[in-house]
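K.L.:
Sequence:
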Amino acid sequence: MMSDAIARVLGRLLYIIYKTIAFQNYGIALILFTLIVKLILLPLTIKQIRSSQKISEMQPEIDRIQKRYKNDKEKLNQELAKLYQEKGVNPLSGCLPLFIQFPIIVALYYTIRKPLTYMLGWTKEFIGNIIIKIMEIQPQFFQGSQYSFINQFESVKSDPVAVANLFERNPYFEINVVDAINTIPELMGEGIEKISLNFLGIFNLGVKPTYDFNLIFQNPGLYLPALFMVLLAVATTFLSTKLSMKQMNQNSNSQVAQTNNTLLYFGPIMTLIIGFQAPVGLALYWTVSNLFQMAQQYFLDKYVYKKKEE
1 MMSDAIARVL GRLLYIIYKT IAFQNYGIAL ILFTLIVKLI LLPLTIKQIR SSQKISEMQP
61 EIDRIQKRYK NDKEKLNQEL AKLYQEKGVN PLSGCLPLFI QFPIIVALYY TIRKPLTYML
121 GWTKEFIGNI IIKIMEIQPQ FFQGSQYSFI NQFESVKSDP VAVANLFERN PYFEINVVDA
181 INTIPELMGE GIEKISLNFL GIFNLGVKPT YDFNLIFQNP GLYLPALFMV LLAVATTFLS
241 TKLSMKQMNQ NSNSQVAQTN NTLLYFGPIM TLIIGFQAPV GLALYWTVSN LFQMAQQYFL
301 DKYVYKKKEE
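Using my numbering, read the sequence shown as starting at 1 and increasing by one per residue.
Any given hint could be a false lead.
Straight-line Cα separation of at most 20 Å, SDA-like style, residue types lysine to any residue; simulated pairs [said to hold, decoys possible]: (1) K242 - S52; (2) K75 - Q85; (3) K302 - S51.
Label-pair distances were calculated between CB atoms; the ranges are [stated by the list, open to error]: (4) N25 - S158: 36 to 44 Å; (5) Q66 - L224: 48 to 56 Å; (6) L200 - S155: 20 to 28 Å; (7) Q66 - I216: 45 to 53 Å; (8) S56 - Q140: 27 to 35 Å; (9) V161 - S56: 53 to 61 Å; (10) Q66 - E193: 31 to 39 Å; (11) N151 - E193: 26 to 34 Å; (12) Q66 - G88: 16 to 24 Å; (13) E193 - I105: 34 to 42 Å; (14) K194 - E57: 53 to 61 Å; (15) N25 - Q66: 24 to 32 Å; (16) V161 - L35: 36 to 44 Å; (17) S148 - I46: 46 to 54 Å.
Since the hints were made in silico from the structure, they are not lab data.
A virtual CB, placed ideally from N, CA and C, is assigned to each residue, including glycine.
Build out the structure end to end from the sequences listed, making use of the hints.
P.N.:
Here is the structure:
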């Protein structure tokens with residue numbers, strides 16, 4: 001599976017950053033990881049911006065062709081293709097960074113949700129053996145409604161792989177294992193390493209955010225910061241999208257501007273939906289990515305577009 005392969009590569013990169021330049025701080029490692037990914041994608045992003053700018057400048061010609069051949073779809077497509085070829089513009093090039101970033105986001109979702117598998121590279125057998133030890137010492141780490149299958153543990157505890165497969169029914173079980181390793185001294189041994197998922201002392205980046213106010217009121221220290229981070233990701237998505245569309249809307253007709261305004265709300269809505277389905281670390285990635293995008297757009301507006309207008 002492609003997402004699994006990408007997650008293993010990203011997980012190892014995140015681990016290297018965590019162990020070296022991030023000083024074993026998971027939050028800082030995620031921020032640095034985000035900046036590295038954005039810098040790697042920067043050439044494609046610049047190409048996307050140039051392509052979008054050219055298409056925006058071509059809009060009057062595109063409008064004339066659409067008006068002239070509005071009743072002949074085949075001729076319309078031929079003339080548009082000819083225009084794009086003459087101008088040296090690929091209308092799909094603007095989507096390339098999005099196509100590349102989407103599998104990265106999916107893979108990062110798995111990486112943050114399963115740090116033992118993708119960051120540390122532990123096998124199911126190794127993780128299963130740790131779970132067996134946790135169940136012997138402090139089984140309360142796997143109690144609650146989210147582990148309704150816990151009564152099946154006795155029937156599979158002789159097989160570590162089967163234990164790991166059983167606990168995988170809860171997509172966040174590795175987060176619980178990480179918490180257990182960090183709090184149960186008896187678990188420390190050969191090959192076992194601690195990873196703290198806390199950031200700034202208030203964010204547990206492995207937590208799945210919730211809008212259930214009952215859960216938030218029961219444990220505000222855990223769920224309130226997670227909710228705040230998701231809302232911050234939504235807000236920065238809206239702002240970065242608005243800034244990126246500002247220049248295009250200035251040179252576009254009303255129909256294109258209306259389409260852009262529709263897309264302006266699509267991104268934040270998708271961020272909100274996905275934000276409540278993934279660990280809060282993904283919201284941190286999204287927020288940092290958006291802030292980087294906004295800084296980049298500010299630079300372009302001030303030193304590129306303004307200079308060109310002058």
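K.L.:
Against this structure, judge whether each hint is valid.
P.N.:
Against the structure, the hints:
1. K242 - S52: The given pair, whose Cα atoms are some 15 Å apart, holds under the 20 Å limit.
2. K75 - Q85: This hinted pair holds, its Cα atoms lying about 15 Å apart.
3. K302 - S51: Holds, at roughly 19 Å.
4. N25 - S158: 36 to 44 Å: holds, 39 Å
5. Q66 - L224: 48 to 56 Å: Distance hint for Q66, L224 holds at roughly 50 Å.
6. L200 - S155: 20 to 28 Å: About 42 Å separates the Cβ atoms of L200 and S155, which means 20 to 28 Å is violated.
7. Q66 - I216: 45 to 53 Å: Since the Cβ atoms of Q66 and I216 sit about 50 Å apart, the hinted range of 45 to 53 Å holds.
8. S56 - Q140: 27 to 35 Å: violated, 59 Å
9. V161 - S56: 53 to 61 Å: holds, 56 Å
10. Q66 - E193: 31 to 39 Å: violated, 60 Å
11. N151 - E193: 26 to 34 Å: Given about 31 Å between the Cβ atoms, the range holds.
12. Q66 - G88: 16 to 24 Å: holds, 20 Å
13. E193 - I105: 34 to 42 Å: Violated - the Cβ-Cβ distance for E193 and I105, about 26 Å, lies outside 34 to 42 Å.
14. K194 - E57: 53 to 61 Å: holds, 55 Å
15. N25 - Q66: 24 to 32 Å: violated, 53 Å
16. V161 - L35: 36 to 44 Å: Cβ of V161 to Cβ of L35: about 37 Å, so the range 36 to 44 Å holds.
17. S148 - I46: 46 to 54 Å: holds, 50 Å
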